[in-house]
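Visitor: Listed here are the chains, written in short residue letters.
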Amino acid sequence: DTEVTQTPKHLVMGMTNKKSLKCEQHMGHRAMYWYKQKAKKPPELMFVYSYEKLSINESVPSRFSPECPNSSLLNLHLHALQPEDSALYLCASSRQGYTEAFFGQGTRLTVV
Amino acid sequence: GQNIDQPTEMTATEGAIVQINCTYQTSGFNGLFWYQQHAGEAPTFLSYNVLDGLEEKGRFSSFLSRSKGYSYLLLKELQMKDSASYLCAVDNNAGNMLTFGGGTRLMVKP
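Chains A and B, in that order, give the protein sequences.
No gaps in the numbering here: position 42 of the first sequence is 42 in our numbering, and each next residue is one more.
In our numbering, each number is its position in the second sequence, counted from 1, plus 1000.
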């Protein structure tokens, strides 16, 4: 199984809503990532988890809250988002120490 | 800082060969990756170079020169389905993270 699965595929939320994005992999990878990608732009790193611990937070606003409940799961909790947060949110995973990242299909988020 | 440059757009003809260049200046280096991304889809891994030289994988090849901070992706026998964005990404040895270039949008025409 070389898949990274993300749910939901599409999400529309209001600025007062609370929602969560989910990511799952069963490749035994111990590094997991959240990226944000705007249209016609490259992915921008948000968070890195290494062995279920947050190792990198790229100065992301607190309205984005990551969580890694176990080695296979990664969540991104969303609260009080702004319309400019609308983007494709990509989850990825890799073997520790080797950064070939396998990407999920992404969640296309629209904030209204 | 990190600086990774690629051309924004390229156009090529079906059946031809195209070379997409990437230059980088990063604080560290632990390898360079090429990813393909079709519109609205996730990036998919194409190649990884950490030593100087050419890596060939079917119709795709990738070259690296560490001394020049330069890489290219060579696509041969272009097909319409190769129309996509091609992302150059550097592992700057800062611990499990890739820095992406802006991506090159390739359009393959009949």
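Please keep in mind that the hints were generated in silico from the structure rather than gathered at the bench.
Using N, Cα and C, we set each Cβ at its ideal position, and we do this for glycine too.
A portion of the hints provided could be inaccurate.
Unchecked claim - Label pairs and their calculated CB-CB ranges:
1) E58/A <-> T1023/B: 43 to 51 Å
2) Y1070/B <-> V12/A: 22 to 30 Å
3) S20/A <-> E1077/B: 29 to 37 Å
4) T16/A <-> G1015/B: 38 to 46 Å
5) G1015/B <-> L54/A: 46 to 54 Å
6) K22/A <-> F1045/B: 16 to 24 Å
Visitor: Where does the structure disagree with the numbered hints, that is, which hint numbers, in rising order?
Guide: 1, 2, 3 and 4
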